[in-house]
Amino acid sequence: MDNLKNTARALLQPLMAIIVGLIAGAIAIAVVGGSVFETYGEMWKGAFGSFYFFTNTLSRATPIILIGLGVALAFRAGFFNMGSEGQMVLGALSAAVTAIYLPGPGWLRLIAALVAGIVAGGLWSALAGWLDAKFRMNLLITTLLLNYVAVLFAGYIVSYPLKDKSGSAAMAQTVMIDKAAWLPKLFPGMSLHAGFILAAAGAILLALFMRHTVGGYEVRMLGGNPLFAGYGGVKRGQMMIYSMLASGGFAGLAGAGEVLGTQYRYLDNALTAPSYAWSGIMATLLAGSNPLGTALAAVLLAALQTGGMGVERNTSVPLEVSSIIQAVLILFISARFTYSYFKKKKKKAGASNGPTV
Amino acid sequence: MDQLFDVSLFASTLRMVTPILLAALGGALCSRVGLFNVGLEGLILIGAFSAIVGNHLTGNVWLAVLFAIVCVSVFSALMAYMSIHLKANIIVVGISLNFLAAGLTTFSLRAIFNVKGAFYDKDMVGLPKWDIPLLKDIPWLGDVVSGHSPLVYLSIVLVFVLQYYLFKSVSGFRLLAAGENPTAARSLGIKVTRIQYGAILMCGVLCALAGAQLSLGQVTMFTEGMTAGRGFIALVATMLGQSSPLGVLGSSMLFGLMDALSTRLQGFAVPVHFTMMLPYLVTIVAMFFFKDKSYMQEARKANESSR
Amino acid sequence: MLLQLDKITKSYGTVTANREVDFSLRAGEIHALVGENGAGKTTLMRILYGMETPTSGSIAVQGEEKHFSSPTDAIRSKIGMVHQHFMLFPSFTVAENIVIGREPSKAVGFDRKEAAAQTEALARQYGMPVDPWQKVEDCSLGMQQRVEILKVLHQGAEIIILDEPTAVLTPLEVKELLVAIKALSAKGKSFILISHKLQEIMEVADRITVLRDGRVTGTVNAEDTNVEELSRLMVGRDLVEMIRETPNPGKTVLEVKGLTIRGGQLHPALNDVNLHVRAGEIVGIAGISGNGQSELLQAVSGLLNPDEGDVLLLGESMKGQSVRTIRERGMAHIPEDRYQWGVAKGASVMENGLMGHYRKYQRNGILRGSAIRKLVSGWVQQFGIKTGSIHTKAQNLSGGNLQKLIVARELAQNTPFLIAAEPTRGVDVGAMEIIHGELLKKRAEQGAILLVSSELTEILKLSDRILVMNEGRIVGELSAESATEQQISLLMAGGKAVG
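Protein chains in written order, with the numbering used here: chain A, 1 to 357; chain B, 1 to 307; chain C, 1 to 499.
Errors might be hidden in some of the hints.
[What the hints assert, rightly or not] Simulated pairs of lysine-lysine, DSS-like, Cα-Cα distance not exceeding 27 Å:
| # | chain 1 | residue 1 | chain 2 | residue 2 |
| --- | --- | --- | --- | --- |
| 1 | B | K191 | C | K360 |
| 2 | C | K360 | B | K168 |
| 3 | C | K113 | B | K168 |
| 4 | C | K360 | A | K235 |
[Claimed, not checked] So, partial list: chain B residues that the calculated Cβ filter (under 7 Å) puts toward chain A:
| # | residue |
| --- | --- |
| 5 | A88 |
| 6 | F113 |
| 7 | M277 |
Simulated from the structure, these hints should not be mistaken for lab results.
Please read these numbers as outputs of a predicted model, since none were measured by experiment.
Quick reminder that beta carbons are idealized off the backbone N, C-alpha and C, glycines included.
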């Protein structure tokens, strides 16, 4: 009974937010003089209109899912990890460097590159966790600032020491990874690669981990009330570093997946321009840090983005209309209208509420 | 080093510090009433963009600033409504607002100016440069202090106004009370909610000015994401300055100097990546010396017994 | 009649906190409102002070009907309230705290000198000396209470509500307060005094109204009644005297040696504390809250690292050990504030019950779901915890039921040593009897229990030995048979005048 009601309520909120987001999008479309129905039709076609577009959407969703999962883990433990971008970029760079310069057979280099990506992203993220646990440096802000440091550092590496000098174009990028170390494509001629399998598996595993394991229990209690968790024997400092390590690991894997499955090299700005990291954070917010929900939300956001491209191709409405829909979606879900409504009805006097993430 | 630390460096420090200082003052007001405003970044961005739009529409730079204030106020009011009225987690609202600001400015850039990435109009007039009589004739100091946009001077004046307001006026006293112990303030009939709304709205106005300085102060243009983390640096400045206007002035100056230095160093033989990293690295190092409120206090507040 | 409450009813959904309550106050009178926890005293006063609106009924001040929608309205009708949890601003000065809401000003500026002058004048007028420039956080609790009363007087109150004013005071401060109340009432101020300490009530009140389950069970003149009659009115029956077996203490389970924690404002939070608890023994720590009990418990349970000294559990030093290790070595802990330390409100009953147990109910890191469900369901039945199901969120449980869940969880750890801090704070009589019974059962099973409570009756009822804490020190030890409330009170005050 309780469960059913909770699920219904949990579903109602994102649904309402989506509707509000679409209304906001409609207003934006109308403002620039487009036809609302035609535009939304093109958006649907651009995202799901054919098998090609569908796999294209899933392909775009892949890094968003992985990043979202990492952020969800950290949020659940009560830590606002905003550093996915830097973690992803360092993961991507490490994966590229490993795949290019490590000797050995292709499969080994592929696995080593994926691991390198996870480790690099994880360590960068754990650094912020350590700074907070040890020196009480606000994690939300350090992770944000470390993004800039990581992105600029990676930019420097591919602009100077490891720059691909063979090509004629003066692009800031590494040389191409040898084909043997690529992540395989799932369907011939489509952009979807094996990283999607990793992302889907990651979502299921994280969901099981959160629900059924000791570690997942500790994470949830820590996020619920850190004093209670500490009183019961959960070590906050240690958990902070571990969960940030795992959180950054997901982001690093996202970066590695893109390098090994799509770009085949580290190209400056290739990962930051589509703002995968911020979409990942949005997906997490949208799903209230539920792992499976995060994966679904990531697909939704990816669909909005690929759909936006369809809109751009076939109508006069700019593709940025999807960023408006996304942002309004997030803003309105954070308020949890229905939730606060229920709560107000329940107890008017009690003015206490913890984090709603 | 003579070349590095010259007059123009300090003059540009003063220019660079203004957006950070204005936003940090807004952040300080919010933090004094117990609201951790992560949305500064988005508010500045909206301010920067709407100032350009206002300038484009009216052709008058003062109306443009006013337009920016009105636009940002709409968003800060939304933020206040969500976090105070609907009791949404203020951090989540702040993050969402940053997304909204990024999306909305990018979209509007396309919708209004039909350009991507950046908008620049050579006919557009930016904020005037004011020469301060008497001061401008003092060697060195005159070159540093004189010839800035009015917002630069306004920000310095605001520091002292706010300092007086918070620590010497009755209304400021009540604002501090509302932040220190909202339950007690409420029991005395102090309108805590109204004060919190006021603080966020005022913060919005300050962020609008910060944005206007950014887009109209130096070069008259808007680029996507032109705030480049300044809102977050302002947040750190707020924390470092212990949310007191004079303290915020000091910490903002430090970050402004780093900002100016970073631009300046690009003329030297250092890779641009490292010079650009400087403000962020210095901010992180500065955070090391400031201890955040412990999670224990936060958790205690969040889990107060509802007796 | 100065004040008249007529048939006040207040219900929250299905719960009725006040049912047709009549209450009146004459000018210059001290009228006490007594009742058990949860009887509806505080709700009634919140209604009078405009913090709640009644479901039905009316309020009249000097014959004029009033509708209060906020404290401002009540203050305007010359009603002031001193809350149980002080409503002060710690970093502000005494004068600032007193004048807030009606600050003297020069132009737009806040005239702090004038505020101090007004404070001094007020203090002189009512014979309650304070230092206007002192920060409230540096004041003793007795002094803070004085600031609260002066604040209410500064607002011009004629009717003053005092909610449990003596809960945090030393016995000497209590005496001073009672004298001050009498003096003020002689000057024409009227008081409503909320308390459940009948002795104090009898000392000072003119009339007494008793509330039980939200209803008035009687209004009597203080001269015509006695403590026995009042407690019958309060509880509705004569309380059963609990039978205590004679203690049979075994080996030492917990030993605290020279424990010191610095960092208090006026004195160290803990100052060279030594104590031991043996198996089959309940050692009670009495003291006014805020005298180092919290720090002692946190240090013993591993949440706080002491500056000096050591804690030995079963003969082993626990210095620098984590909470987890100490729990595994044999400690369970009923925390002093259940909402802060005892639960995660957003998690389910089952998840809250699992804390501290989850390392036992796992295989290779996977939680054993069915075993856990059986465990927690067992407690729900055994302790009569009222909850929808074990998947209900903890925040939907009442305070008493949540406390029973915590007690069940900690007793089920089956450890040789148990900390019981304020085990019955804010729970009803029924839950209190269950919890007390369980603690005594644990003692009979040779458990060692360290009991900390600010309720003297609880300490006297359960403890075999009583230690008294004051300003971070143990200032005395008494045996259960010989200890009297009088003796403990004297020790609690530290033997010296405060404030």
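**OP:** Compare the distance between the alpha carbons of C/K360 and A/K235 with 27 Å, and conclude whether the hinted pair is satisfied.
**Re:** Satisfied, since the Cα-Cα distance of roughly 17 Å is no more than 27 Å.
Original post:
Holds or violated: are the alpha carbons of C/K360 and B/K168 at most 27 Å from each other?
Top reply: Since the Cα atoms of C/K360 and B/K168 sit roughly 59 Å apart, the hinted pair is violated (cutoff 27 Å).
Subject >> Restraint check, 7 Å cut-off on beta carbons, for B/M277 near chain A >> reply: Interface hint status for B/M277: holds (5 Å vs cutoff 7 Å).
**OP:** Take the C-alpha atoms of C/K113 and B/K168, compute the straight-line distance between them, and say whether it is at most 27 Å.
**Re:** Distance of about 12 Å is within 27 Å: holds.
**OP:** Grab the minimum C-beta distance from B/A88 to chain A and call the hint holds if it beats 7 Å, violated otherwise.
**Re:** Since chain A brings a Cβ to about 4 Å from B/A88, closer than 7 Å, the hint holds.
Original post:
Straight-line Cα separation of B/K191 and C/K360 no greater than 27 Å?
Top reply: 51 Å, violated
Original post:
At a threshold of 7 Å, is the proposed contact between B/F113 and chain A supported by beta-carbon distances?
Top reply: 11 Å, violated
Hints 1, 2, 6, counting from the list given before, are not met by this structure.
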